[in-house]
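Protein chains: 2
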Amino acid sequence: MNLVDRILNGETRAISRAMTLIENGDSQSREILRGVFPHTGRSRVIGITGAPGSGKSTLVDKLAQAYRQQRKSVGIVAVDPTSPYSGGALLADRIRMSALYNDEGVFIRSMATRGHLGGLSRTTYDLVNILDASGKEVILVETVGVGQDEIEIVRVADVTIVILVPGMGDDMQALKAGIMEIGDIFAINKSDRPQAEKLEQELEAVLSLATRPDGWKPCVARTIATQGEGISNLLQQIESFELFRKGSPQWAEQRRRSVEESLINLLKESLLEIAIQKNGVWDRIQAASHAVRDRKIDPYSAVEEILRNLK
Amino acid sequence: MNLVDRILNGETRAISRAMTLIENGDSQSREILRGVFPHTGRSRVIGITGAPGSGKSTLVDKLAQAYRQQRKSVGIVAVDPTSPYSGGALLADRIRMSALYNDEGVFIRSMATRGHLGGLSRTTYDLVNILDASGKEVILVETVGVGQDEIEIVRVADVTIVILVPGMGDDMQALKAGIMEIGDIFAINKSDRPQAEKLEQELEAVLSLATRPDGWKPCVARTIATQGEGISNLLQQIESFELFRKGSPQWAEQRRRSVEESLINLLKESLLEIAIQKNGVWDRIQAASHAVRDRKIDPYSAVEEILRNLK
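Protein sequence lines correspond, in order, to chains A and B. Going by the numbering used here, 727 is the number at position 205 of the first sequence; the sequence numbering is gapless. Going by the numbering used here, 783 is the number at position 261 of the second sequence; the sequence numbering is gapless.
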């Protein structure tokens, strides 16, 4: 049986193998993604994002356990800011720590954030599609931070949970601003901390001012992930958003726009590939990189020269 | 006098104007950047990065003040994760809070993280070049978080300071891993907290294992930014790295590679622009975005079809 069929069959080894090929940018990966694509679109994809120290992984663990209790199969893609220095060790630690380690109904993948040709968000999208095609009913995508790349990652999600923690300091306001747009649900984790009340009030105030194009009013859920508190409430809110989203034409348009952006990115990558295959182009880029570094020519003129030579 | 000359003259209004044009992706901005480019390369660019709540802005403030005491002119580019919802207000707050507000030797610019054509790191690079050409001797670039985009931003810096804070939680290890590569100097801020000792030991342990291609051994500085403690030590470490870097051939090569990457990005953008100007291409992308969203075709095949039509 070929790899695509084995993925559709839900075989763990096949899923892992395909993910490795995708992460390595292997030439086979496009064929695989093409093969699985018609079988995608059935999973519920939940994005979970929050700063380091917000208890993200614990919350993901508890959510996964809750879905397992509902007998749903679960896939987890964790986008970790690991570097070549320590990636392997962290991955192993992470998996060992999880209560889900020995559960065959759960597939966990940690993804390094560096070295993805075509960007982190595309690789995430591809891995989610593999899990989707493999029949996972729920897919949890966990990302760190508030960078633009993280914001793009959550575009693959049907619903996005943003985790905030009381007492994270004065940059909190800025953080909230940056993630306002991407959060469908806000979880105040570690909500037994004294400043939880204050954070909730501030957050409600910010949320009451914002108007989303789709009309959804983001809700706030208090959690203490380490104790499993607030998880069932969170599940209900996810359910509510699902109901809303399925009836929302704006949501469908939003999704289309996000697909449009990834198509444009893919197109850019392909155009570059085609250009670089032409004789001498790579050498010209190399030469230009020296000249620009030494400030003999500005980057815009350098690229224009390369383009003139392309024609 | 034209805008470029006024920038080279160090006129604040001209700098602001140019930055707005760049941030808006105005067609004049390339011409301006071309004009200023031959006059760049004289500033010392210092990148400062750290998670929300790490006291980044305060540290930037104190560093700026210290350089002002040395009678150096200072430019600050703060890359804030603000959204259209609250960007303006946050910017105003930020500037009002700063002790540097009334100092004419300091130019402060807050930059939104969204909506930059060609990416956040390119816009940052462009703004830094404007400040550089305007004669600012020191440029501080402040970014939040550990995303890939943030990592790219620090590539514009001659030296990068990563801020860590004791007791930020168990995701700290992952955070450290992701930023290991980009930190030339690590500042342990809020170092009067009890876990400072532990963090320093952990950090030294991680740093002792890592080998950087350029041979630099990243150093650790304790700071309490709110009280101005450790700032002069930090300045010395910046000085040490400057001395090291200027004699390092690997550093020059590293810089070339980072220029190469930005040239490639620029080339991709230009290739896309050229493609989209052709008849019907934009319509085809639109149609494909519907088809892919509705899973009638996979993104890879959709883009290949567009490419076939281009030829």
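Quick caveat, the hints were computed from the structure, so don't treat them as lab data. A portion of the hints provided could be inaccurate.
For identical chains, the list gives no copy identity; a pair is met inside one copy or between any two copies.
Stated by the list, open to error - 25 Å max Cα-Cα, derived PhoX-like pairs, lysine-lysine:
#1 800 x 833
#2 739 x 800
#3 739 x 768
#4 800 x 594
#5 818 x 833
#6 818 x 768
#7 768 x 833
#8 594 x 768
#9 739 x 818
#10 768 x 800
#11 720 x 768
#12 739 x 720
#13 720 x 800
#14 739 x 594
#15 594 x 833
Outcome of the hint check:
With identical chains, the CA atoms of residue 800 and residue 833 are at most 25 Å apart both within one copy (11 Å) and between copies (15 Å). Taking the shortest alpha-carbon separations for residue 739 and residue 800, neither the intra-copy value of 51 Å nor the inter-copy value of 41 Å comes in at or below 25 Å. For the identical chains of this complex, residue 739 and residue 768 are intra-copy neighbours only, at 15 Å inside a copy versus 54 Å across copies, given an alpha-carbon limit of 25 Å. For the identical chains of this complex, residue 800 and residue 594 are neighbours neither inside a copy (50 Å) nor across copies (48 Å), given an alpha-carbon limit of 25 Å.
Taking identical chains as interchangeable, the C-alpha atoms of residue 818 and residue 833 lie at most 25 Å apart only when both belong to the same chain, with a minimum of 24 Å there against 35 Å between chains. Taking the shortest alpha-carbon separations for residue 818 and residue 768, only the inter-copy value of 19 Å comes in at or below 25 Å, while the best intra-copy value is 56 Å. Taking the closest pair of Cα atoms, residue 768 and residue 833 never come within 25 Å of each other, the shortest separation being 47 Å inside a single copy and 39 Å across copies. In this assembly of identical chains, residue 594 and residue 768 lie within 25 Å of each other by CA distance solely inside one copy; the values are 20 Å within and 58 Å between copies.
Proximity of residue 739 and residue 818 under a CA criterion of 25 Å is satisfied in neither setting, with 53 Å inside one chain copy and 31 Å between copies. Neither within a single protomer nor between protomers do residue 768 and residue 800 lie at most 25 Å apart by alpha-carbon distance, with minima of 47 Å and 36 Å respectively. Proximity of residue 720 and residue 768 under a CA criterion of 25 Å is satisfied in neither setting, with 33 Å inside one chain copy and 49 Å between copies. Taking identical chains as interchangeable, the C-alpha atoms of residue 739 and residue 720 lie at most 25 Å apart only when both belong to the same chain, with a minimum of 20 Å there against 43 Å between chains.
With identical chains, the CA atoms of residue 720 and residue 800 are never at most 25 Å apart, being 60 Å at best within one copy and 54 Å at best between copies. For a Cα distance limit of 25 Å, the shortest separation of residue 739 from residue 594 qualifies neither inside one copy, at 28 Å, nor across copies, at 49 Å. When the C-alpha separation of residue 594 and residue 833 is checked against a cutoff of 25 Å, the pair qualifies neither within a copy, at 55 Å, nor between copies, at 47 Å.
In the structure shown, a violation is registered for the earlier hints numbered 2, 4, 7, 9, 10, 11, 13, 14 and 15, in ascending order.
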